[in-house]
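Participant: Just need the whole structure built from these sequences, with the hints factored in.
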Amino acid sequence: MFFAKDVRNESIEIYVSFLSDIIEKDNQNFKGLFDVIINNVHSLAVGSKTYNEINPEIFDIVSLLNFYHSAYFKEIDTQAEFDYNQIKKFLEKDAVMNA
Amino acid sequence: MDYLSLELNLAQLHRSIQKTKTNKYSDIRKESYQTTLLELYEKLSNEDFSTMSLLEIIDRKKIIDFTFQSIQYLDNSTLTITPFEIIFCLEKILSFWIPQHNYIIVTSLDNNLNSYEINYSLTLKEPIHQLIEDRYGITFGFRLIQIRMPRYYVHDYFANVALYHELGHFVDSKYEVSKKYVISSHIYDQTISPEANGAKMTKRYYHCMEHFADIFASQYIGDSICLSLNYVSHNHSSSETHPATAIRITKVEAFLSGVTTDQLVTDILAQTKILCSHDLEIRFKDLPLDDFDNLIPMEIDTDVDLHSVILAGWKFWRRRPNSLIEKLGKNIVYKIINNLIEKSISNYIIKQNWNN
Chain A
1 MFFAKDVRNE SIEIYVSFLS DIIEKDNQNF KGLFDVIINN VHSLAVGSKT YNEINPEIFD
61 IVSLLNFYHS AYFKEIDTQA EFDYNQIKKF LEKDAVMNA
Chain B
1 MDYLSLELNL AQLHRSIQKT KTNKYSDIRK ESYQTTLLEL YEKLSNEDFS TMSLLEIIDR
61 KKIIDFTFQS IQYLDNSTLT ITPFEIIFCL EKILSFWIPQ HNYIIVTSLD NNLNSYEINY
121 SLTLKEPIHQ LIEDRYGITF GFRLIQIRMP RYYVHDYFAN VALYHELGHF VDSKYEVSKK
181 YVISSHIYDQ TISPEANGAK MTKRYYHCME HFADIFASQY IGDSICLSLN YVSHNHSSSE
241 THPATAIRIT KVEAFLSGVT TDQLVTDILA QTKILCSHDL EIRFKDLPLD DFDNLIPMEI
301 DTDVDLHSVI LAGWKFWRRR PNSLIEKLGK NIVYKIINNL IEKSISNYII KQNWNN
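Chains as they are written, first to last, in my numbering: chain A, 1 to 99; chain B, 1 to 356.
Note that these hints are calculated values from the structure, not bench results. Careful: at least some of the hints might be erroneous.
Below, computed lysine-lysine pairings styled on DSS-like, alpha-carbon distance capped at 25 Å [to be verified]: (1) B:125 <-> A:93; (2) B:43 <-> B:21; (3) B:61 <-> B:125; (4) A:89 <-> B:273; (5) A:89 <-> B:21; (6) A:31 <-> B:62; (7) A:88 <-> B:43; (8) B:61 <-> A:31; (9) A:88 <-> B:21; (10) B:24 <-> B:43; (11) A:25 <-> B:61.
These stretches of chain A come out as covered by chain B in the derived footprint (C-beta under 8 Å, 3 or more residues) [claimed, not checked]: (12) 16 to 22; (13) 35 to 45; (14) 75 to 83.
Not the full set, but computed from the structure, chain B residues with beta-carbon under 7 Å of chain A [claimed, not checked]: (15) 47; (16) 126; (17) 134; (18) 137; (19) 175.
Being a predicted model, the structure only gives us computed values, none of them experimental. Every residue, glycine too, gets a C-beta built ideally from N, C-alpha and C.
Facilitator: Here you go:
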């Protein structure tokens with residue numbers, strides 16, 4: 001288990017809810033938030049950022065996605081529309097793994 | 001999970017929130033937080049849960065949980081319960097390490113004698129605040145940090161050195177010092193699964209957190225953190241969550257010696273400097289004990305003295321022979337020293353308020 005069974009797992013569920021809002025309601029607030037998260041995971045995956053450079057407020061979600069799905073985020077095109085459905089599937093799986 | 005259970009949960013919240021309305025606080029920020037909480041409750045109670053999707057029901061459950069937890073913290077932190085002086089000391093440190101923060105330290109008292117714990121799930125948990133803001137347009141101006149401490153030690157400045165350690169955990173988590181260090185320095189073992197790698201890293205992370213918190217505390221209260229630790233968890237061996245007590249003490253001693261070659265301590269110091277913009281360094285001094293000998297509070301002039309007075313209490317107790325103990329007995333001297341420490345801090349608070 002990567003993360004302790006604490007507030008972080010709860011946060012994963014809330015992030016899943018944010019992604020649903022992006023997918024179903026085109027929620028721009030959450031889209032902005034997730035775009036920052038995805039860009040940071042990509043930067044970590046390709047090595048253009050270090051862990052110390054990640055904002056502590058999103059560190060849990062960024063490091064979690066990078067730890068389990070680094071290969072996927074390494075290859076994403078940061079100029080194109082992100083596949084939020086795929087990221088939601090990742091987080092739903094991670095929430096189970098960390099439960 | 002269905003909407004009927006959610007309605008039951010809201011009714012439970014209603015009963016608790018009615019009691020909270022009568023709370024009296026010494027801190028107007030707590031009142032402001034409570035007002036926002038009541039506003040959130042009103043929004044929740046005006047919703048029709050029966051038309052919601054499962055995902056929306058899960059969201060609302062989380063918001064009700066958040067509201068309940070906030071109430072629990074506030075109810076335990078009213079005018080009559082809060083140990084004002086020690087919280088003042090901790091707030092001084094908090095403001096130094098996290099300038100211009102919006103945190104309120106609240107306390108809850110526990111019957112368990114070893115129950116020192118800091119809970120910052122409402123403080124550093126951004127997603128729930130983002131959810132509330134998006135759903136209801138409500139923003140909390142403050143965040144609560146809950147410190148749980150034993151009821152019997154609420155005014156005990158010997159036992160309460162543990163609170164400095166707990167505050168260390170908060171500062172660590174705020175900047176993610178231990179986590180970033182452990183993840184960055186983790187060597188991935190290809191022979192085991194990702195989950196097993198994660199488990200190894202989690203243990204290292206927990207241990208690093210404890211060392212950070214010990215060193216953080218010792219900046220202000222010196223080796224009294226070791227004396228306390230060595231008594232309450234003497235000879236404890238290493239576990240999943242905590243390093244062995246002997247190792248913890250060795251790390252603090254290495255830090256206090258000022259010339260450490262201990263790799264982990266060196267790494268923690270370097271990582272803290274990068275992420276917190278402050279050094280972990282000795283921030284206490286040895287105060288003369290004459291005032292305690294003369295049964296008068298110490299005159300505190302600076303924040304350094306403020307924390308050092310607690311260390312002075314420990315030094316006074318351990319100084320043997322001790323003519324005051326011989327004259328009055330240990331039980332009375334224990335009470336006197338605690339009262340003198342509290343009075344010293346209290347006088348400093350008055351002086352600061354007067355100057356401001």
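Participant: Please check whether the segment 35 to 45 of chain A has three or more residues whose CB lies within less than 8 Å of a CB on chain B.
Facilitator: Answer violated; 0 residues pass the 8 Å Cβ test.
Participant: Going by Cβ atoms only, is residue 47 of chain B closer than 7 Å to chain A?
Facilitator: violated, 16 Å
Participant: Are the Cα positions of residue 24 of chain B and residue 43 of chain B separated by 25 Å at most?
Facilitator: With a Cα-Cα distance of about 24 Å, the restraint between residue 24 of chain B and residue 43 of chain B holds, given a limit of 25 Å.
Participant: Taking only the CA atoms, is the gap from residue 125 of chain B to residue 93 of chain A under or equal to 25 Å?
Facilitator: Judged against 25 Å, a Cα distance of about 21 Å means the pair holds.
Participant: Does the alpha-carbon distance linking residue 25 of chain A and residue 61 of chain B stay inside the 25 Å limit?
Facilitator: holds, 21 Å
Participant: Measure nothing beyond the straight line between the CA atoms of residue 31 of chain A and residue 62 of chain B; if it is 25 Å or shorter, mark the hint as holding.
Facilitator: Status holds; Cα separation ~21 Å.
Participant: Test coverage of the segment 75 to 83 of chain A by chain B using CB-CB distances below 8 Å; three residues minimum.
Facilitator: That given contact is violated, which follows from only 0 residues of the segment 75 to 83 of chain A lying within Cβ reach (below 8 Å) of chain B.
Participant: Quick check on residue 126 of chain B please, does its C-beta sit within 7 Å of some C-beta on chain A?
Facilitator: Result: holds, 5 Å to nearest chain A Cβ.
Participant: Check whether the Cα positions of residue 88 of chain A and residue 21 of chain B lie no farther apart than 25 Å.
Facilitator: Not satisfied, since the Cα-Cα distance of roughly 40 Å exceeds 25 Å.
Participant: Take the C-alpha atoms of residue 88 of chain A and residue 43 of chain B, compute the straight-line distance between them, and say whether it is at most 25 Å.
Facilitator: violated, 28 Å
Participant: Take a quick look at whether residue 89 of chain A and residue 21 of chain B sit within 25 Å of each other, Cα to Cα.
Facilitator: violated, 42 Å
Participant: Just to be careful, I want the Cα atoms of residue 61 of chain B and residue 31 of chain A compared with a cutoff of 25 Å; is the pair within it?
Facilitator: holds, 23 Å
The earlier numbered hints that this structure contradicts are 4, 5, 7, 9, 13, 14, 15, 18.
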